[in-house]
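When you get a sec, could you build the whole thing from the sequences and use the hints?
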Amino acid sequence: MTIDDPTTPTQGRFAIAVEEARGDGSAPLPVPQDGDIVQRTWRGAVAVVRGLSGLDKYDRYVRHQERTHPDEPMLSEAEFWRCSWEAEGNNPRARCC
Amino acid sequence: MSVTRTAGQKLKTDPALPPVAVVEPISFPLRQKILFLALGIIGAVAWFFIATLRGENVSAVWFVLAAVCTYLVALRFYATLIERKIHQPDDTRATPAEEFANGRDFEPTNRSVLFGHHFAAIAGAGPLVGPVLATQMGYLPGTIWIIVGVVLAGAVQDYMVLHLSIRRRGRSLGQMAHEELGTVGGWFAIVGVFTIMIILIAVLAIVIIGALASSPWGVFSIAMTIPIAFLMGVYMRFIRPGKVGEASVIGIVLLVLAIAGGSLVNGHPQLSKFFTLSPVELAFAIAIYGFMAAILPVWLLLAPRDYLSTFMKVGTIVFLALAILIVLPVMQMPAVTKFALDGTGPAFAGNLFPFLFITIACGALSGFHSLIASGTTPKMIQKESQARLIGYGGMLTESFVAISALITAAVIDQHLYFGMNAPLALTGGTPETVAAYTNGLHLVSGAGMPLPDATAAQFAQAASEVGEKSIISRTGGAPTLAFGMAHILSQIPIVGAAKAFWYHFAVMFEALFILTTVDAGTRVARFMLSDSLANIPGWQRFRDPSWRPGAWLCTAIVVTLWGSIVVMGVTDPLGGINMLFPLFGIANQLLAAIALTVVFVVVMKKGLFKWAWIPGLPLAWDLFITMWASWQKIFSPNPKIGYWSLNAAARQARAAGAQTFQGAKTPDQIDMVIRNTAVQGTLSILYAGLVLIVFLIGMRIAIRAVQKNGLPTSEAEGMPSKIFAPSSFVPTRLEKEVLAEWQAAGIDPSGDGRLPGMHHTSQQETVQEENQL
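Sequences listed follow chains S and U, in order.
Just so it is clear: in the first sequence, position 66 is 66 by the UniProt record's numbering, and no numbers are missing.
Just so it is clear: in the second sequence, position 399 is 399 by the UniProt record's numbering, and no numbers are missing.
Please note: incorrect hints may appear among the correct ones.
Computed Cβ-Cβ distance ranges for the label pairs, DEER-style [what the hints assert, rightly or not]:
{"hint": "1", "chain 1": "U", "residue 1": "L30", "chain 2": "S", "residue 2": "R93", "range": "40 to 48 Å"}
{"hint": "2", "chain 1": "U", "residue 1": "E717", "chain 2": "S", "residue 2": "W42", "range": "36 to 44 Å"}
{"hint": "3", "chain 1": "U", "residue 1": "P227", "chain 2": "S", "residue 2": "R93", "range": "23 to 31 Å"}
{"hint": "4", "chain 1": "U", "residue 1": "A457", "chain 2": "S", "residue 2": "R93", "range": "45 to 53 Å"}
Computed list of lysine-lysine pairs in DSSO-like fashion (alpha-carbon distance at most 30 Å, straight line) [stated by the list, open to error]:
{"hint": "5", "chain 1": "U", "residue 1": "K722", "chain 2": "U", "residue 2": "K606"}
{"hint": "6", "chain 1": "S", "residue 1": "K57", "chain 2": "U", "residue 2": "K722"}
{"hint": "7", "chain 1": "S", "residue 1": "K57", "chain 2": "U", "residue 2": "K243"}
{"hint": "8", "chain 1": "U", "residue 1": "K85", "chain 2": "U", "residue 2": "K33"}
{"hint": "9", "chain 1": "U", "residue 1": "K605", "chain 2": "U", "residue 2": "K708"}
{"hint": "10", "chain 1": "U", "residue 1": "K640", "chain 2": "U", "residue 2": "K338"}
{"hint": "11", "chain 1": "U", "residue 1": "K33", "chain 2": "U", "residue 2": "K736"}
{"hint": "12", "chain 1": "U", "residue 1": "K640", "chain 2": "U", "residue 2": "K665"}
{"hint": "13", "chain 1": "S", "residue 1": "K57", "chain 2": "U", "residue 2": "K736"}
Simulated from the structure, these hints should not be mistaken for laboratory data.
Glycine included, C-beta positions come from ideal geometry on N, C-alpha and C.
Shown next, in the form of C-alpha cells:
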C-alpha cells in the first residue's frame, strides 16, 4: 500500500509506516476518564478559559521545565512572570485594528 | 481496496508512538449531504429575503441566517478546496510550534484555545467601525461585501498566509516577502508595513476621541483604566506575585465600578467640568499616554490592561451577538440609500464603487491580519491541517462581528444615524440645526416613503437617554455603535433598563482595545524603526532594546508621527474622520495586496498554475478597487473626493483673500485645510506607489515561474511530528480511533512535556533572524 493518494500527494512525507483504519468499530476502547460528563465538560471549559487568558502559562512552564530540564533550577511563579513580561516588552506582538 | 480506502489511513513517524496523522477518506456521507443541503436552502432563502424585502419590517434574523449558512458552506467546500489543491497539509510534518517548542512563544496550543487567541488578535475596532460608516449607503451593499468578501478574499488571505508561515518556521510577512520577492521587494514591503501601522494607530485614536470628546462619563471611565491597570500590575508583581487570575478578577470588578461611577461624575458640576476635554486636549492626552505606555515596563500597564481587554472583547462581542438574536431588531435604514448612487454621503464621500470596499476593510478583507497570521499563530498551532479552522474559520468569525456591527447601525433611527455621523460643519452642533439638516436630507423609509421630520427634542432626548450632553456629530463610528448597542439592549427586559450604562459600557469596550492597539502598535513600530536604524553603519547600538536613549528616541519619533496625524485629524475644519478614514482603508487594503502578492508568487513558484486564481482573484479585485480609490483620492477633480483638488481649491480661496472655505471659518483654518490635504495626498501617493512596486516585482517573479515551470520556494526542510491532535473542533471517527490508541498507550498526544528542548540552537537562529527585521 502506497501513501501517495492522488488527492493528497504530499501527505505523509515523514511517514515511516501506514496503517489502515479499522473502521469496523474494533478500535481500542477509550480508557475510562475521571468524573462524569458534566465534570469533564466543566474541566474542559476551565482549561479553555485559562488557556485563552494566559492564566495557565506558569503551570505549562513548570511541566515543560520538569520534563526537559529537570536539572535546572525552577523559577518561582513571581520570577516566571517577571521574565515573561520582560520578554513581552522586548518582543511586542501587534494587535489588529 | 475500496473498503480500506473509505475508512482512511493512519500514518506513523515513530514505531514507538501511535499514529501522528490521518488520511481521511474522500467521502461525503448522507448525513452531511442532508445537513449542507439544508444549510444551502436556508441560506438561499435568507439571501432572497435580504435582496428583495423592501418594507418597514426587514428583520435582522435574515442577515444572521444568510451569514452563518454562507460561512459554514464556504468553510466546508471552498476552504477544503484550497486545502486539497494548494496547501496539501502534511500532519506528519512538525509545525514550528512543535519543532521549536520552548515553553514560551513557540508552544503547541490546544486548537480551541488557539482559535480564541487568533480571533482576539485579529478582531479589533476595524470590523466594528467600517460597517457602521458604510451603513450610510444602506444595509445591502455592506452585507454583500462583508459576506462575499470574506469567503473569497479575507478568509483566503488569512488562511494562505498562515499556511505559508507554518511552512517557514513561523516567519513574519516582512521576512517572507524578503525571501520570496528578494531584497528590494522585501524592503518596500517593510516600509509599507511601517507607514501603514502609523496611519492605523492615528485613525483608531481619532475614532476613540470622537466618542470621548465632551463626554465626562466616558473620559472618567477610560481614565480610570490606567490606575486600575497600575493597581493590577503592582498586585501581580509585589502584593501577590504571579497571581494573575486574582488580579484579573479585581480589575474586572473595578472596571464595571468605573463605568457605573461615570454616571456620578457626569452629574457632579465640578467633576464633570474637570473631565470634559476637547478633541485637541484628548489628542495630546493619547499621544502622551502612547509614549508612556510604550516606555513603561510591560507589567505595569500593558500586560494587566491586555487581560482586561481580552475579557471585554470576547465577552462583549458574544453578548452583542446574543442580544441581536434575542431582540431580532428591525432595520430602519433602507436597503440602498441615495448616497450609494450619488456619492454625497456625510460619513464619507464617494460612490459605492470603489469607496464601500475600502471603508469596510476589516470584516471582509484586512491586510493587517497577515501580520497576525504570520509570526504569531504559526508558533502555537499543533497541526498543519488545523490552519483551515483557525485561519479561514477565525476570519469568518470576524466577518460575523462586522455583520453584527452593520445590523447595530442599521437599526438606529435614520435621523439619529445621520445626525451622529455628519461632520459638525453640516449639522451645526445644536438640536435645532441638526434637525433642520437631517430633514433636509429627505430621508426615505425602507418602503420608499418619506420619513416624518425629526424634531430638535428627539436629538436632545436621545442624548440624555444615554447620559451624554449631545450626540450630534459624534463621528468615527464608535459612538454610533455604542448607541445602537444600547438601543438593542434596552429592548431586553431588566437588562435594558440601564441604557446609559450600556452606552458607556460599549464605549469603554471600544476604547480599551483601541488603546491596546495603540500602545502595542507603538511598541512594534518602535522596534521596526530601531532595527532599521541599526542597519546604518555605526548605529548598531539601536538594536539593543535595553539601551534607553535609543528606545526613547525611537518611541518619540513613532508617537510624533502618529500623534501629528491625530492632531491634524481632530482639528481638521472639514471633519477628520471623513478625510482620514479612506486613507486608513486604503492602507489596510494595500497591505492585503502585499500579502496576497506574496501568497500568489508562492503558488506560482510551486507550479500550481491551475489553482493560482484562488489567491489571484482577491489580489486582482483588491488591487483594482484600491488603486481606483487611490486614483480618485489623488486625481479626482471633485474637491469632495480628491485631496489635491481640494488642496487647489483651498489655495485658490486663500489667494483670492477669502475668509471662509467650506467648513473652514477663518484664514488660519483655510491654511490648515491646505496643509492637511497636502499630507493626505502625499500619503495616498506613497502607499499606492509602494504597493505597485511590490506587486510588479511579484508579477515578474510569477512570469519567470511560468517560463521555468516552477521555481524553488523558501519552504523550510521540516522534521517528523511526534504529536497528534484533531484538525477541527470535533474529532472525526478516524481521529477518535487514533486518540484512543494514544490513550491506550498512556501517552499524552499533545506532546505536553515530551517535546524536547533539543532544538534550542535552531530556535536561537529563528529569534535572531526575527530581530533583524
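Hints and how they fare:
no.	hint	in the structure
1	U:L30 to S:R93: 40 to 48 Å	45 Å, holds
2	U:E717 to S:W42: 36 to 44 Å	43 Å, holds
3	U:P227 to S:R93: 23 to 31 Å	25 Å, holds
4	U:A457 to S:R93: 45 to 53 Å	49 Å, holds
5	U:K722 to U:K606	27 Å, holds
6	S:K57 to U:K722	22 Å, holds
7	S:K57 to U:K243	11 Å, holds
8	U:K85 to U:K33	22 Å, holds
9	U:K605 to U:K708	9 Å, holds
10	U:K640 to U:K338	17 Å, holds
11	U:K33 to U:K736	22 Å, holds
12	U:K640 to U:K665	17 Å, holds
13	S:K57 to U:K736	28 Å, holds
Comparing the model with each numbered hint stated earlier shows that all of them hold.
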